[in-house]
Amino acid sequence: MMHPRLAGTAALLTAVALTAACSSGGGGGDGGTSPSGTGPITVWLSNNEQEVGWGQDVVDAWNAEHPDEEVTAQEIPAGSSSEEAITAAITAGTAPCLVYNISSAAVPGWVRQGGLVNLSQFEDGASYVEERVGEGAQTYLTDDGYYQLPWKSNPVMVMYNKTVFEEAGIDPENPDMATYDDFLAGSRKIVESGAADSAIWPSPTNEFFQPWFDFYPLYLAESGGTPLVEDQAATFDDENGRAVADFWATIYAEGLAPQEASTDDAMSAGTTAMQLAGPWAIASYAESVDVGFMPVPTSDGEAEPVTFADSKNVSMFTACENQATAWEFLKFSTSEESDGKLLEATGQMPLRTDLATTYADYFAANPSYEVFADQAERTGDVPSIPNSVEVWQAFRDAYSSAVIFGKTSVDEFLSGAAETVTGLVQG
Amino acid sequence: MSTASADLRTTRRRWWGRQPIGSLFALPYLVFVVTIFAYPLGFAVWIAFHDYFFTAPGVDVPKPFVGFDNFAAVLTDPQVLESFRNIGVFLVINVPLTVVLSLVLATALDGGIRWAAGYRIAFYVPYLTASVSLVGVWMLLFSSGGLVNSVLGPLAPDPSWLVNSSLAMPSIALFVTWKQLGFYILLYLAALQGVPRELHESAETDGANAWQRFRNVTVPGVRGTTVLVLVLAIITGANLFTEPYLLTNGGGPDGASVTPVLLIYQRGIQQQNPDTAAAIGMLLVIVVGVLSLAANRINRER
Chain Z
268 MMHPRLAGTA ALLTAVALTA ACSSGGGGGD GGTSPSGTGP ITVWLSNNEQ EVGWGQDVVD
328 AWNAEHPDEE VTAQEIPAGS SSEEAITAAI TAGTAPCLVY NISSAAVPGW VRQGGLVNLS
388 QFEDGASYVE ERVGEGAQTY LTDDGYYQLP WKSNPVMVMY NKTVFEEAGI DPENPDMATY
448 DDFLAGSRKI VESGAADSAI WPSPTNEFFQ PWFDFYPLYL AESGGTPLVE DQAATFDDEN
508 GRAVADFWAT IYAEGLAPQE ASTDDAMSAG TTAMQLAGPW AIASYAESVD VGFMPVPTSD
568 GEAEPVTFAD SKNVSMFTAC ENQATAWEFL KFSTSEESDG KLLEATGQMP LRTDLATTYA
628 DYFAANPSYE VFADQAERTG DVPSIPNSVE VWQAFRDAYS SAVIFGKTSV DEFLSGAAET
688 VTGLVQG
Chain Y
159 MSTASADLRT TRRRWWGRQP IGSLFALPYL VFVVTIFAYP LGFAVWIAFH DYFFTAPGVD
219 VPKPFVGFDN FAAVLTDPQV LESFRNIGVF LVINVPLTVV LSLVLATALD GGIRWAAGYR
279 IAFYVPYLTA SVSLVGVWML LFSSGGLVNS VLGPLAPDPS WLVNSSLAMP SIALFVTWKQ
339 LGFYILLYLA ALQGVPRELH ESAETDGANA WQRFRNVTVP GVRGTTVLVL VLAIITGANL
399 FTEPYLLTNG GGPDGASVTP VLLIYQRGIQ QQNPDTAAAI GMLLVIVVGV LSLAANRINR
459 ER
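Each protein sequence line maps, in turn, to chains Z and Y.
All residue numbers for the first sequence refer to this note's numbering, where the first residue is 268 and numbers rise by one.
All residue numbers for the second sequence refer to this note's numbering, where the first residue is 159 and numbers rise by one.
No wet-lab data here; the hints were simulated from the structure.
Mixed in with the good hints there might be a few duds.
Claimed, not checked - Quick list of simulated restraints, FRET-style, between CB atoms: (1) Z:D327 - Y:S291: 54 to 64 Å; (2) Z:D628 - Y:V224: 56 to 66 Å; (3) Z:R509 - Y:Q237: 22 to 32 Å; (4) Y:F223 - Z:H333: 27 to 37 Å; (5) Z:S347 - Y:P315: 29 to 39 Å; (6) Z:E679 - Y:T394: 34 to 44 Å; (7) Y:Y285 - Z:E398: 56 to 66 Å; (8) Z:E397 - Y:P315: 54 to 64 Å; (9) Z:T530 - Y:R243: 23 to 33 Å; (10) Y:Y282 - Z:T305: 53 to 63 Å.
For each residue, glycine too, the CB sits at the ideal point set by N, CA and C.
For reference, chain Z alone in the conformation it holds in the complex (with noise of 0.2 Å):
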């Protein structure tokens, strides 16, 4: 016979699995409320201090002539990744009306959450967002809707230090290492000569983010712009994508890239003498390292190649009761003037076709950030697709073992990654 007290336990534990399935069971309503509310919002940005500033301008300028509609803008809530604090946030119905730092791969998932607005339902929201981005919105449909709008770039490119490339014998003002062979002899020389004790350092981490800096970008050079899905299929297991990994694979094993992380900015401290970075490492380097940029290599060494552009993207959430206010806002934040005040507070380029044109005096005043808006006009994003962080990871983990740790062949990972990575995304 069961003992008083264990009975006890076991009904107050099936009380509380009862009442924990009855309660997730529920829910109810359509989960959307008017387009047409307008009032007070709140709105999140990162944490990064320039982008803090903007935004805290913008709110101001906004709240002097819309004293029924304040703004209040936040940084995003500390967690291990902004991910995961609006993950959290759409669960528990505490999203703002706007986050300002939303990354593609992210969106499939909120939509699924029923967290994110199609800005499409707004009169002018598709239109908004073509005529701003060009042909390059297609990229951006979630099941056929503008779930983001997208916001600015930071298109990757290859960081070098001078100083470095100059002891190993390499001429800094033009290195000549658009090509796969050149770039490796290239490297080669640096680790050889000693100037730096590796040629370059991508983080050898596992995040799901990390193919976007190694990987990734040379895989739309090299395609010329082909995202990993596409029609439902991974696109990566053809001559493209083993060029990409051969030629990562091939750095890995002559260790002209290590295979840790760095236990310090590898740059500043002259670890190595390449980083693929964008834009915002203009300002993080200016003090410490003299940088030059050049576009990534490709197998042919294309002069004009396409890169990865690393956008971050604003979105609306179904938890916003005054989507009104929040659609101006957002377009009042996004409009010629405020984007051409995102790059002088920043230097990270706005998404808009006419970039260069439009904000031709900022460019002239800062050459260093012209190579960058040169190559904000030839970029690739993240695919906008089901399970999008669970296909990134796993191409990841067999990109790990087979290119950065050689424990299986590089034909393996392309085949095996792309059936997985299919059967993900056809679910």
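Fit chain Y to the known structure of chain Z by using the hints.
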């Protein structure tokens, strides 16, 4: 009438116990346990048997009952099986090492060695320090160009410790043993106070040497604490997350240090598949429960 009121009193007493005030004081903790532990556990069990994902409030989507599908999915996933194997490797190294080292060091400290207070602090400081900062130090020590490899010279392993599939998990096991040791030493030190001095004295009179006294007086004297140390070490070890996340770059190299909790984080939080994450969690609860019961049973039989 009087019978009825007596019945009422008995019922009340049954509910509140003999000390209603005491029950009242215990109530906040009961509420804490129910809301922070029992409810999430019950909820996790429910999630593990459904096709579940997190939704915004008010969004009504079907979350059908799927029976054991989530369990079947995780039990046939090579990465999940590898994570449990990795935890096995960890526990085989970490648990015996923890028990032996903490008991031996506690006995030495209790025996009145010189600078005992200094040693006590030295053992306890790693336990107090945040894992994240200690991981930084270990990375400096055990990275390819780190201090340890510099000292070892040609004897340094290739690939280095943290990127070597055979050495990554043992390295983590050593790190955790070192980090947690101070806490277990403290438990044993407290237990050693309870071992009567007379037993040692009479054993000495009977001609027992130091090893024999340790073996036949100290070890049986702290058996209760050994069970506690075993169970705590198993639970802490099986819930390993920070170290594979930071020290070996997210379960690397090539998955050699992936742990169930790291997978729960990836699947449940990052990839928004809480159903399979909950299934891994349930398996982990069962494995930890069985191991803890076994540790208890083995020690009792001895």
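If any of the earlier hints don't hold here, list their numbers in rising order.
1 and 4
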